[in-house]
Structures are given as C-alpha cells and as structure tokens.
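Please build the complete structure, drawing on both the sequences and the hints.
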Amino acid sequence: MSEHKLRDAFDHMGPDEAARERMLQNILQAHEAGVGAEAQPEEQPQTQPRRSPRGQFSLLRYALPIAACLLFAALIPPTLPEIVTAFEESTAPPSYSEDSNDFTLEVTEEGSESSLETEGEQPGNEQPNNQQPEDTAPGDTAETPVPLNPADDPAMVAPESTPGSVPPLSVVVEEAVEVEMAEAPNYAPPITVEAEIPPMVIPDPWPSPVDYVALTLSALALLAAIFITIRAVLSWRRTQQK
Amino acid sequence: MATLGEKDSVWFAAFYERHVDTVYRVCRTHLRNTADTEDATQDIFLKVLAKTPEFQSVEHEKAWLIRVAINRCKDLLKSSWNKRLDMESIPEPIAPDASPEDSYDSTLALVMALPDNLRSCIYLYYYEGYNASEIAELLDKPHSTIRNYLSDARKVLREKLGGDFDE
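Listed in order, the protein sequences are those of chains A and B. Count along the first sequence starting at 1, add 1, and that's the number in this note's numbering. Count along the second sequence starting at 1, add 475, and that's the number in this note's numbering.
Some clues are possibly wrong.
What the hints assert, rightly or not - Calculated lysine to aspartate or glutamate pairs in the EDC-like style (CA-CA distance at most 20 Å, straight line):
{"id": "1", "chain 1": "B", "residue 1": "Lys549", "chain 2": "B", "residue 2": "Asp615"}
{"id": "2", "chain 1": "B", "residue 1": "Lys526", "chain 2": "B", "residue 2": "Glu481"}
{"id": "3", "chain 1": "B", "residue 1": "Lys537", "chain 2": "A", "residue 2": "Glu33"}
{"id": "4", "chain 1": "B", "residue 1": "Lys482", "chain 2": "B", "residue 2": "Glu492"}
{"id": "5", "chain 1": "B", "residue 1": "Lys537", "chain 2": "B", "residue 2": "Asp518"}
{"id": "6", "chain 1": "B", "residue 1": "Lys526", "chain 2": "A", "residue 2": "Asp9"}
{"id": "7", "chain 1": "B", "residue 1": "Lys482", "chain 2": "A", "residue 2": "Glu33"}
{"id": "8", "chain 1": "B", "residue 1": "Lys553", "chain 2": "B", "residue 2": "Glu492"}
{"id": "9", "chain 1": "B", "residue 1": "Lys630", "chain 2": "A", "residue 2": "Glu4"}
{"id": "10", "chain 1": "B", "residue 1": "Lys522", "chain 2": "A", "residue 2": "Glu33"}
{"id": "11", "chain 1": "B", "residue 1": "Lys635", "chain 2": "B", "residue 2": "Asp580"}
{"id": "12", "chain 1": "B", "residue 1": "Lys526", "chain 2": "B", "residue 2": "Glu536"}
{"id": "13", "chain 1": "B", "residue 1": "Lys549", "chain 2": "B", "residue 2": "Glu612"}
{"id": "14", "chain 1": "B", "residue 1": "Lys522", "chain 2": "A", "residue 2": "Glu22"}
{"id": "15", "chain 1": "B", "residue 1": "Lys553", "chain 2": "B", "residue 2": "Asp511"}
{"id": "16", "chain 1": "B", "residue 1": "Lys522", "chain 2": "B", "residue 2": "Glu536"}
{"id": "17", "chain 1": "B", "residue 1": "Lys635", "chain 2": "A", "residue 2": "Asp9"}
{"id": "18", "chain 1": "B", "residue 1": "Lys635", "chain 2": "A", "residue 2": "Glu4"}
{"id": "19", "chain 1": "B", "residue 1": "Lys549", "chain 2": "B", "residue 2": "Asp514"}
{"id": "20", "chain 1": "B", "residue 1": "Lys549", "chain 2": "B", "residue 2": "Asp518"}
{"id": "21", "chain 1": "B", "residue 1": "Lys537", "chain 2": "B", "residue 2": "Asp496"}
{"id": "22", "chain 1": "B", "residue 1": "Lys553", "chain 2": "B", "residue 2": "Glu513"}
It is worth saying that the hints were derived from the structure and are not from the lab.
Okay, structure coming up:
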C-alpha cells in the first residue's frame with residue numbers, strides 16, 4: 002500500500018534520541034540565557050531615549066530639491082530653444098544657397114543721400130539707408146549736397162570739348178567732386194560701410210514646439226517645487242506636534 | 476519571562492516529548508535540511524516557553540504548534556539568507572539520520588521532490604490524519620485549494636510509487 006509507505010517514510014523522518022536531548026538542552030539553556038539577558042537592563046538606570054534622525058525635520062532634505070526645481074524652472078525656458086537650435090545646426094547638413102544678398106553700402110556724409118554700389122549685378126536693388134556714421138553729428142552736414150548722378154551737377158559737367166584734347170569723363174567727374182568737397186568747410190572723406198544684411202525672417206506669431214516643451218517642463222518643475230514645499234510644511238508641523 | 480520552576484520544568488518536558496516529533500517533521504517537510512530543522516524546532520519551543528500559551532487540549536496544542544511551525548518555516552524560507560543560497564540548487568541528503576532502508580529513502584525523496592504546498596498537504600493528510608478542512612484552516616487557505624493540492628500530489632505519487640491513495 003502506498004499510504005503505508007508514506008507513513009513509514011514520515012516515521013523515519015523524525016529526530017533520533019540524541020537529537021531530541023540535544024535540542025531540549027539547547028532550548029533550556031537559551032531560555033535561561035534569555036532570562037539573564039532580560040534581567041540585566043532592568044537594573045541599569047534608564048538613559049535619555051535616543052531620537053531617531055528620521056523623526057527630526059531636516060531643512061536640507063527639502064530645501065535642496067526645492068532649489069533644484071526652481072533653478073530648473075527658471076533655466077529651462079531660455080536655454081532649451083538655444084540648445085535645440087544649436088543641436089539642429091550641428092546636425093543639419095551644410096546648405097549651399099546661391100542667393101547673394103551681399104552688397105556694399107556706401108554712406109557719404111549726407112545720410113539722406115547715399116550712394117549704393119552693389120557688388121553683384123543687381124540693378125535697381127535700392128534699399129533705404131537711414132544709417133548715420135558714428136562720428137558725424139546730425140547737424141554736421143555739408144552745405145552743398147553731392148548729387149548722385151554727376152550729370153545733374155553743373156559743376157561736374159564736362160567742359161565743352163575741344164577737338165583733339167578730350168579727357169575721359171570719369172576722371173573729370175572725380176576731380177570735380179574732389180574739388181567741390183575739398184572746398185566745403187566741414188569736409189570729411191566718405192565713409193564706406195560694408196554691411197551684410199541677413200535674409201529677412203518673418204517672425205512666427207505662434208511659439209515653436211520647443212518653446213511649448215520648455216514651458217511645460219518649467220511648469221512641471223514649479224509644481225514639483227510646490228509639492229515638495231507642502232510636504233516640507235506638513236513634515237515640519239508633524240515634528241512640532243511631537 | 477521567569478526561570479522555569481520545578482513544576483514548569485516537568486510540564487515542559489512532557490510537552491516537549493509529546494510534540495517534538497510533530498514539530499520536527501513539519502519543519503523538516505518544509506525546510507528539507509537537518510540543521511535548519513533543528514534550529515526551527517528549538518525556536519518554536521522557546522516561543523512556547525516565552526509565551527506560555529494556554530491550551531484547551533492536546534489537539535489544540537498540536538494544531539497551535541503545527542501552525543507556528545509552518546509560519547516559522549515560511550519566514551526562514553523567505554529570509555534573505557535562504558534566497559541568496561538558493562537551497563534548491565544545493566543537493567541535500569534526504570534524512571541522513573534515518574535508517575538506510577532504500578524504500579523509505581526513495582519514498583521520502585519523492586515526497587520531498589513535491590512543491591512546498593503539496594508536500595505539507597500530503598504530510599498533514601496522510602501522517603497527521605487531518606482532513607482537507609482542517610488542513611485548510613492550518614495553512615490558512617481555501618478548502619478547494621487544499622483539495623486541488625491533494626489531488627495533484629496524489630497524481631504525482633501515483634505515477635511514481637504506483638498503488639492506490641485514499642481520495
């Protein structure tokens with residue numbers, strides 16, 4: 002019978018006599034030792050109960066996370082778009098744009114009348130120039146304005162040509178301008194300013210997704226700071242009640 | 476806790492003789508290790524000395540001890556030391572102190588190879604003589620669960636040992 006086999010097997014699983022005696026002695030010895038060990042502290046004078054450090058309120062435990070959250074909330078909105086832009090620039094392939102907007106802007110002493118010389122072949126590409134040279138006062142303009150077209154200036158009109166000795170027209174104009182300007186009382190040589198005007202970017206009225214992400218992260222950090230502050234206050238009140 | 480007097484010593488000696496085998500077997504069934512079994516048995520009897528619970532009958536004593544022994548063994552098996560050692564991977568000789576009869580050893584080896592829950596149920600049902608409801612109370616499990624445990628254990632033992640088992 003299998004059940005008998007099982008019972009016999011369990012019968013043989015019990016402790017032998019030596020083990021029984023050993024365990025009984027161990028139990029009695031441990032009991033007496035336990036009694037002796039418990040009797041000793043009763044005789045000793047009671048000392049001040051030690052407060053566990055967990056029960057105390059530690060300001061640093063809450064102040065550091067709050068400060069970190071506030072710092073995060075303050076730094077994320079301005080820095081995240083820059084980081085993303087820098088990352089995009091670093092990872093984007095180099096662009097080869099053939100659009101050349103470079104031109105030289107020549108500003109004479111008269112800010113209102115300036116001459117434009119485009120470097121490339123861009124006829125008719127005239128842009129208003131309101132820039133004033135730094136070392137020129139507003140009222141410090143020449144009395145005689147220099148026309149842009151030399152043909153408009155009677156002083157620059159070439160003298161009646163005589164057959165056989167006709168100088169080049171450009172040379173004549175240049176000399177006329179030089180003479181005219183040199184005679185002006187507040188003459189200053191023309192200042193040439195080379196400015197590179199970036200392509201016009203129309204500002205997007207809506208914030209970019211990066212801005213949204215930055216604002217969301219900042220808001221979350223602020224919420225975390227508020228949550229930690231509430232917990233700190235509750236913990237402080239609990240320790241005060243104790 | 477006080478030092479055992481003459482009367483208590485006699486009472487405890489009788490109590491120990493009555494129940495040490497049961498407690499030892501329960502612990503051995505769970506722990507499968509002689510040294511741990513002896514430690515657990517001593518712990519349980521020390522608890523009796525420390526608490527001196529009042530029992531209504533011998534059966535009450537036995538049931539209380541079995542329950543305490545099972546809980547103690549579960550605690551020991553859950554302890555970090557046992558988890559770290561991974562007792563299943565250590566080959567433990569089955570009943571080294573037992574008589575070297577092969578049939579007992581092989582039967583015991585089969586029972587010990589069963590999962591923990593099935594092993595306890597088989598021991599309590601076939602050796603201690605508890606029924607499924609009493610085992611359910613002792614192990615703090617539903618009656619149907621105990622019936623399933625017993626059924627599974629019988630199925631395994633029937634395949635290995637042959638013969639019939641009382642349903």
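ask   = Can you give the numbers of the hints that this structure goes against, from lowest to highest?
value = As far as the earlier hints go, 3, 6 and 8 are violated by this structure, in ascending order.
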